[in-house]
Amino acid sequence: MSEPSTPISASQAKDPRFAARLKKRYTSERRFRLLGLGAVVFSALVLAFLIVTMTSNAIGGFKRAELRFPVDFAGAALTLDAGQLAAPDARDKLKTAGLADVIVIAGTKSAGALAASEISDSAWGEVADRLIGDPDLLKSSLEVSVPVTNDLAAALRGEGPEKLRPLAASLAREGKLVSRFDPGFLSRSDATDPQAVGIWGALKGSILTMAVTLLLAFPIGVLSALYLEEYAPRSRWTDLIEVSINNLAAVPSIIFGLLGLSVFLWIFPNYRSAPLIGGMTLALMTMPVIVISGRNAIKSVPPSIRDGALAVGASRVQTVFHHVLPLAMPGILTGTIIGMARALGETAPLLMIGMRAFVATPPDGFTSPSSALPVQIFLWSDEVSRGFVERTSAAIIVLLAFLLALNGLAIYLRNKFETRW
Amino acid sequence: MSPAFPIILAFGLGLIGWLAARARARTFRSAVRAGGARRMHSLPSYHGWFVALAIMAPALLFAAVWSSVTPGMAEADALKSPAAAQLPVFGFQRDSILAEARNLASSPDAAAFNPIARQIAAPMRAAHKFYGSIGLVATLLIGFAAGALAFLRLRPDFTARTQVERAIMVGLLLASLIAVLTTLGILASLVFETTRFFSMVSPGDFLLGTHWGPDPMATPGANVGVDYGAIPLFWGTIYIGAVIAMIVAIPLGLMSAIYLTQYASAGVRRWMKPILEILAGVPTVVYGYFAALTVAPAVRDAAQAIGISSASSESAMAAGLVMGVMIIPFVSSMADDSIAAVPQAMRDGSLAMGATTSETIRRVLIPAALPGIVAGVMLAVSRAIGETMIVVMAAGAAARLTANPFESMTTVTFQIVAMLTGEGSFDHPATLSAFALGFVLFLVTLALNYIALRVVKRFREAYE
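Those protein sequences? They're chains D and Y, same order as listed.
The first sequence begins at 1 in the numbering used here and counts up by one.
The second sequence begins at 1001 in the numbering used here and counts up by one.
Be aware that a few hints might be false.
[Stated by the list, open to error] Lysine-lysine pairs mimicking DSS-like chemistry, simulated, CA-CA at most 25 Å apart:
| # | chain 1 | residue 1 | chain 2 | residue 2 |
| --- | --- | --- | --- | --- |
| 1 | Y | LYS1273 | D | LYS416 |
| 2 | D | LYS109 | D | LYS24 |
| 3 | D | LYS163 | D | LYS299 |
| 4 | D | LYS299 | Y | LYS1457 |
| 5 | D | LYS24 | D | LYS63 |
| 6 | D | LYS176 | D | LYS63 |
Bear in mind the hints are in silico, worked out from the structure with no lab data behind them.
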C-alpha cells in the first residue's frame, strides 16, 4: 500500500506531538498487519499439526507385528497332497488337515511355547493362501511371517501385558519378531483384533455408496440446474424450487440422515445399512451443491452462444443440449467432484441409517450390509487399544488421500478446461 | 429372477424401437429426396427417440412398480404355505426367521440357522419366480404395445422433435421438483414423528425442562416428561457452537480475510487460499478424531495445570476449539465477499484523506461491510450448531447446565445420534425425541439462513 501523502504545512510537520502521533499510527498499522498474518499462519499451522499428528500415528497403522520362523511342511503330518490344493475348497481342506496346529508347533520349536501361543488366530489363513498359490511348497520348508496377537504387538512397542514384554524384546533382538509394512491393511476388512483389521470392506462400501450418489445426484442436479437457468418461467413454482434448493444446501447433514431413516428405511426395510440407502441419502445432500455450481457454470456461458445457435435455426432444447451444456460441463464437473468429496467424508447421515454395524466381509452388492470409510474411522476411534489408534490414523490417511485426489482432479479440470469469455 | 431383468428388457426394447423408427424415418427421407412426398418435419434420429421414449417410459415405470410390490406378494404367498404355520405369531423372532427366508430365497446357499426359514424359502422362491416371469412378460407386452402405437404415428410430417422436446421439458421439470419433494419429505417426516413424540411428552416439558435423561430401555411411565427437558442440550449446543467456536472463528476468520484481501501479495494469496480450502475440506470425522485424540487431553492437562480440578477429558472446550478451526475458512470467505462488495471509492476516499490502511479497514471497510459480515457469522453459527461428528467424538454425553467449558457437555446433534443408534423401539419417546430435536435444529438453522440471506441481499442492493 502506498504511504498516505497529504499536504502538511512545515510548521505542523515539525511539531514533536505530530511526529509522535504519526509514529503511533504507523506502529498500530504494523501491529494490525501482523495480527492478520498471524491469523493466516495459525490456520496453516493447525492444518500442518493435524496432518503431522495423523501421519506419525498412521505410520504404525500401516505396519503390524509379525513372528518369523521356518515351517517344514515336508516333515509335518499334513494329510493332503498338492492335487487337492487346486480344489475350490482348498482352504477348508487345509484347515481340517490341521494347518493351524502345524504352524503353532513350528512356532514353538523356533520361538518358544509362549510366543507360539500368541500367534494370531487368523495366521493359518495367510499361510494357506500361500500354499494354494504354490502347491509345491508342501514338499519343502518355508520361512513364514505370521501376525501375532494384539497383546504381543503391544509388548513389542513396550506397552501391553508385563509378562510378554521381555519375550517381545528378546524375540525382537533375534530378529524373529518384527514390525513390518502390512499391505493386507488395504485388502482386509473389519475385525475385532487391531492386528487383523483392514480397510477394504469400508472402502468398497464407500465406493458403492458414492456410485449410487453420483448416479442419482449428477443427472438430477444437472437437469434441475438447466431447467432453473434456461427454461423456468418467473413464477411461484420456480421461486419455491429455488428456495428449496438454497435451503437444502444449508440443512445440517444429520437432518438428511433423519430423512433417510424415516423415509427410505420405511420404504425399503430390508436394506438397512446397505450402500443403496446410504447413496440415496447422500445424493439428496449432494444434489443442491451440484445444482448451485451447475447454475453458475451455465450462467457463465455467454448469451452470444445461445443467440448464434438460435439464429441458425436450432430449437431451444437443441441450443441448450448441443451448445450450452457442453461448454458448461467443466464447471459442472468441478462442482460435482467437490460435492462428491464432501459426501465421501460425511459420517452423520450414514450413522443414522444404520451403516455403523460390524461388517467383517466386504459388501458384494448395492443391497448387502456394508460400512463406509468415515464410519469405519468413527467406529475404530471408539476402541481404546493403542493398536486401533494407529489403525484409525492409517484409515484417516487413506480417506484424506482419496479426498486430495478428488480435489486435485477438480483443480486440474478447472485449470485445463475453464474458459474465460 | 433378478429385479434388474425387466429393466434391462425395457432398455433393450427401447433400443430396438429406436433403430426401427430411425430406419423407417430414413425411408421417408429417401422418398422425400426422390421427390413426391412432402418435406420431413424432424430428423430421423428424433423419430427414433420418440419411439424409444414411448417404449421405455411405460415399461420402466411398470418394471419399477412391479419389482417393488412383488417381494411383499411373494412373502404373503409363502405365509399361506403349510410351513408358515410353525412361525411365531409376531415379534422379533418371526422377523428374523422371515429375514433369513428372504435371504435364502434370493441366494440358495446363504446361511440359515432356523429350519423353518429353509421350509418357507422354497415356496417363497417359487413365488418369486412366478411373479418374476409375469413381470417379464408384462413388461414385454407393455413395451411392445406402446412401441407399436408410437411407430404407427410416424409420418414424414410427424412432429417427432416437438414431441421429444416436450418430453425432455417434462423430465427437466420433474428433476427440479425432486428438491421440493426432499424439502417436503424432511418436513413431513420430522413433523410426523415430532407429533408422535409430543403426544407422549408435552411440548412445555420438552422446551422448558432442565433435566435430560431419557432411558431408551425403560418402559415409559406416567410422568415421562421430567426426563425430557431439552434446555441443557440447547445450552450445550449454543455454548459450544455459538460461543466457544465463534470466539475462535470470528477473529481468526475475519483477520485472515482482511490480510489475504488487503495486505497479502499475489504469491502469498496463491498459497494461502488453497490451504484455507483444504482446512474446509477435511472431513468432520477427522476433526472429531483430532479433537478427541490430541486436543481434548491437552485442554484437560492445561486446565488442571491452572487449578481446575473438575476438568474432564471430554470437554466443551476441546470440541468448541476444533469446531472453531473448522469454521475459520467459512467465516473468512464470507467476510472476503462482503469486504469485496464495498465500493472502491469509499476505500480510496479514506486513503486519500491520509488514513493508514488499517485505519481504513477498521473505520471504513468493516463498518460498511458489517451487515454482510454479521450475516456470514449467522451462517457460520448455523453450520456449527448442526455439526455432529466433532461433538459426538469430543464433547461427551452428560447433559449439564454449566458455564465451565472444561466440563463435558452434550448437544442436540449428539443426542440425536445417541437416541437413534441404540436398539430402542420406534414407539419409545426416547427414539422419537431425536426427531423432535431434529425438528428444532431444522427450524433454527432455517431461520438463521433465511435472515442471513435477506441481510446479504439487502446489503448488496445498498451498494449497487
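Results for each hint:
no.	hint	in the structure
1	LYS1273/Y <-> LYS416/D	20 Å, holds
2	LYS109/D <-> LYS24/D	81 Å, violated
3	LYS163/D <-> LYS299/D	70 Å, violated
4	LYS299/D <-> LYS1457/Y	19 Å, holds
5	LYS24/D <-> LYS63/D	58 Å, violated
6	LYS176/D <-> LYS63/D	16 Å, holds
Hint violations for this structure: numbers 2, 3, 5, all remaining hints satisfied.
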